[in-house]
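Line order of the protein sequences matches chains A and B. Read the first sequence against my numbering and you will find it ends at 180, with the numbers running on by one and no gaps. Read the second sequence against my numbering and you will find it ends at 144, with the numbers running on by one and no gaps.
Since the hints were made in silico from the structure, they are not lab data. Some hints here could point you the wrong way.
With a cut-off of at most 30 Å between alpha-carbon atoms, the simulated DSS-like pairs for lysine-lysine come out as follows [to be verified]: (1) B:Lys30 <-> A:Lys172; (2) B:Lys30 <-> A:Lys166; (3) A:Lys166 <-> B:Lys18; (4) A:Lys166 <-> A:Lys152; (5) B:Lys30 <-> A:Lys138; (6) B:Lys42 <-> A:Lys166; (7) A:Lys77 <-> B:Lys42; (8) B:Lys30 <-> A:Lys77; (9) B:Lys12 <-> A:Lys152; (10) A:Lys79 <-> A:Lys167; (11) B:Lys18 <-> A:Lys172; (12) B:Lys42 <-> A:Lys138; (13) B:Lys30 <-> A:Lys79.
FRET-style restraints, in silico, Cβ to Cβ [said to hold, decoys possible]: (14) B:Ile85 <-> A:Ser7: 48 to 56 Å; (15) A:Arg81 <-> B:Leu84: 28 to 36 Å; (16) A:Leu70 <-> B:His20: 31 to 39 Å.
Please read these numbers as outputs of a predicted model, since none were measured by experiment. Heads up, the beta-carbon is just placed ideally off N, CA and C, and yes, glycines get one too.
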Amino acid sequence: MTSKEESFRALVAGHQEMVINTCYRFVFNREDAEDLAQDVFIEVFRSLEQFREEAKLSTWIYRIAVTKSLDHLRRQKRKKRFSSLKRIIGIDDPIAEIADSNGDNPAEALVGNEQAVILQDALNTLPDSQKTAFLLSKQEGFSNQEIADILKTSVSAVESLVHRAKKNLHDKLYAYYAMQ
Amino acid sequence: MFFTCLSSQVMKQELMMKRHNNNIEEQVAKTMMLLDEIQPIKVDHHFRVRLMQRIEREFGQRSEYSRAGLRNRFDFRLAFMALLIMVNLGYALLSVQHNNLGKTSGISEMIDNLSDDYPSQEFAYYDQTSAYPAETVTTESKTP
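Excised from the complex, chain B in its bound form (with noise of 0.2 Å):
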């Protein structure tokens, strides 16, 4: 009696189970048809002129940008040989001022230099002389 009401709770169980088991299958294979369910979609007759619209935006901007790119590139490239331009004759300018500074310089040495040189009254005579040069030439010819 003990077993028989056991046995039949154990199939009980059992079949619960397998009921459950097949439950679960359905659901499964329920969700699973749903991709062979899907119907193809209609296209929207929008579609093609949204897709060309877009087109026309995203890549007449895109020319666009790639022409003012090239002109910034362009403006770009003559500023920087502007300025090279501008360094150079800069660099030349400063160059020519600075031979001319040693070249007056050099002058105006060599002049300190002779009056260094000669500080003596003597040299006064010379410069007299410088004056009037023939009386020089006379008293320098006498000298010896």
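Isolated chain A, as found in the complex (with noise of 0.2 Å):
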């Protein structure tokens, strides 16, 4: 085993929990997690020595998930407009079916819960910065100052977006309970 191969074990064991964890936070599925973190780690491997020490080496990892995750959701958002789409003209999808049937783990807190998706739904209205700053606020284990700087920004400004998402997603959820 080389010594990069050996530095690079030594860093996943010790970022692991918190990647998977940051990416759960975005996608509210264990599997993708999962998968997300081990794209997050592959992206680390491949440019760590172009890692330039401006940021500490766990903000960067941080950052590289918070990408990865928004990325994830806009695709996912893309296949859902797709498959509406489909279902609209008349064609099945069956991997729509497929992941949805996927969705029904008994095994997830959060998965098939009707109030998580609403939630998500919600979520995934809001702008990168604010849902960012916000799911990070709620996550174990960062500060603002943290999340300031993955977000490369000020503490003030995460207060500000921290407080403008709850205020935005208060509205929004509000606003789909009562047209229930």
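With the hints as a guide, bring both chains together as one complex.
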């Protein structure tokens, strides 16, 4: 085993839990979170030599995790739009069915939970910066300073983002339940 | 009587609205609470094994690809060089051939010209004399 691989193993061991849980906050699904975390570490392995120590290594890794998670959500959104378009046209989408059936996993606390779906939908309507700041603030282990470093902004900006995200989320959920 | 009835109805409606709003607020709060209730997930012990396998697969393949790419590039360069050499050789051969053709055509042209310039019978004499050089010299020397 090369020294690069050894140090990489140590790096994974040190950060895997935080990375998986960060991704899980965004996607609400364990399997997707693990897949995303794998992508994150692959990216880290690929560009570790290009890492300039302007930020902490952990901050850099979590930034990659956030970017990958947001990309995943965007892809999901596109897929949803496409499958609903297919449904309108009248073409069955077997992939969407498989994805839906995978969602009913009783081992997961959030998946299959109607409220979780509503919450995720509402979260997905928020701007990326608000969503990221809010979700990271809800996760244990991230201080406002760290969130600011990940988002490359100031602590006060993070506080403002979190505040606005809370308000927006409340309004969206309120509007949703009022319509029911 | 009418006013008391109306006001009680309005109050009832307000109460219902308030209750409805409270209900919505409760649902909103409950939904938002989900984020606080999310328990951190434990990492599967196969996670790192799978990750290292994937890295081995992807980056091992990539280095093989890059090696193959280098080989291909090298082969391409060799082929290109061979092609250049062949083109040069071909050009050289053609130009040599062209020069030779020019020379041979020049000689044959000269011969033709000569035969055109001296077509008369007198020169047959020279032809004959060329066969007997001693005689020719004597006749020529006698002429003047």
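Practice prompt. Sort out which numbered hints this structure fails and list those numbers smallest first.
Written response: Failing hints, ascending: 9, 15.
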